[in-house]
Amino acid sequence: MNEWIRSILSIVVVLVFLVGLEQVGKRLGWTDETIRKSVHIAVGHWSLLAVWLMDSWYVAAVPLIFFTFANAVLLYKSPSPVHQTERKSFGTVYYPIALLIILYFFFESEPIAFLAGSLVLAWGDGMAALIGRKYGTIVYDLYGQKRSFQGSIAMFLSSYAVLFLLFLWNDVVLWQVVTYGFIISIIATLTEAISYRDWDNFTIPIIVAIATSLLL
Numbered sequence: 001m002n003e004w005i006r007s008i009l010s011i012v013v014v015l016v017f018l019v020g021l022e023q024v025g026k027r028l029g030w031t032d033e034t035i036r037k038s039v040h041i042a043v044g045h046w047s048l049l050a051v052w053l054m055d056s057w058y059v060a061a062v063p064l065i066f067f068t069f070a071n072a073v074l075l076y077k078s079p080s081p082v083h084q085t086e087r088k089s090f091g092t093v094y095y096p097i098a099l100l101i102i103l104y105f106f107f108e109s110e111p112i113a114f115l116a117g118s119l120v121l122a123w124g125d126g127m128a129a130l131i132g133r134k135y136g137t138i139v140y141d142l143y144g145q146k147r148s149f150q151g152s153i154a155m156f157l158s159s160y161a162v163l164f165l166l167f168l169w170n171d172v173v174l175w176q177v178v179t180y181g182f183i184i185s186i187i188a189t190l191t192e193a194i195s196y197r198d199w200d201n202f203t204i205p206i207i208v209a210i211a212t213s214l215l216l
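Numbering-wise, my numbering puts 139 at position 139 of the sequence shown, and it's gapless, one number per residue.
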């Protein structure tokens, strides 16, 4: 199958999956925030589809460009809980833009760095928000935005689990899996903690991808 067709197919797969996930969430009585963060986690796995189905960065860029513009429009037009939050959130726009950047630099030469940036944002940031909102009792305040210690722990553990599995899957030496995964997870957690508002969707993938590239 032509690579361009596979690129378009990946858009269809993501759209179908996200609509289905949102409907399941509503039927199960999930809160809007839980649906939003579940979608956030799910979207990050598009990177696995991209590495599996596509060879060229510019072909893989097509879905990300599509979702950047689609999310920008839906931010103001959609009634979906994915885009409607307590305040206007540009995180859904920053997300694909950040992936576009790491796609350009790493997709063909170091796909493991591209995957690391995408999956750590998906799982680490997603779980930090879910756990922090539900169990966050120890709160710290940075320039007017509140985050919780429990959320940061969830960020670290989720990031470490993702990187551990990703590095093992790519036959990285075990001591590097353990140590480099730990270091990158700490970096990701600190990045999430100090990023202003929705900018963690932009900063985490880029910094994690760069760190992975430098260490491996």
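Among the clues, some could well be false.
What the hints assert, rightly or not - Computed spacing ranges between beta-carbons, pair by pair:
no. : residue 1 : residue 2 : range
1   : 3         : 146       : 25 to 33 Å
2   : 142       : 183       : 30 to 38 Å
3   : 73        : 178       : 37 to 45 Å
4   : 69        : 26        : 23 to 31 Å
5   : 149       : 33        : 13 to 21 Å
6   : 110       : 23        : 31 to 39 Å
7   : 101       : 5         : 21 to 29 Å
If you're looking for bench data, these hints aren't it; they were derived computationally from the structure.
From a predicted model like this one, the values you see are computed outputs, not experimental measurements.
Backbone N, C-alpha and C fix where the C-beta goes; we use that ideal spot for every residue, glycine too.
Right, here's what the structure says about each hint:
no.: 1; hint: 3 with 146: 25 to 33 Å; verdict: violated (45 Å)
no.: 2; hint: 142 with 183: 30 to 38 Å; verdict: violated (22 Å)
no.: 3; hint: 73 with 178: 37 to 45 Å; verdict: holds (44 Å)
no.: 4; hint: 69 with 26: 23 to 31 Å; verdict: holds (26 Å)
no.: 5; hint: 149 with 33: 13 to 21 Å; verdict: holds (19 Å)
no.: 6; hint: 110 with 23: 31 to 39 Å; verdict: holds (37 Å)
no.: 7; hint: 101 with 5: 21 to 29 Å; verdict: holds (25 Å)
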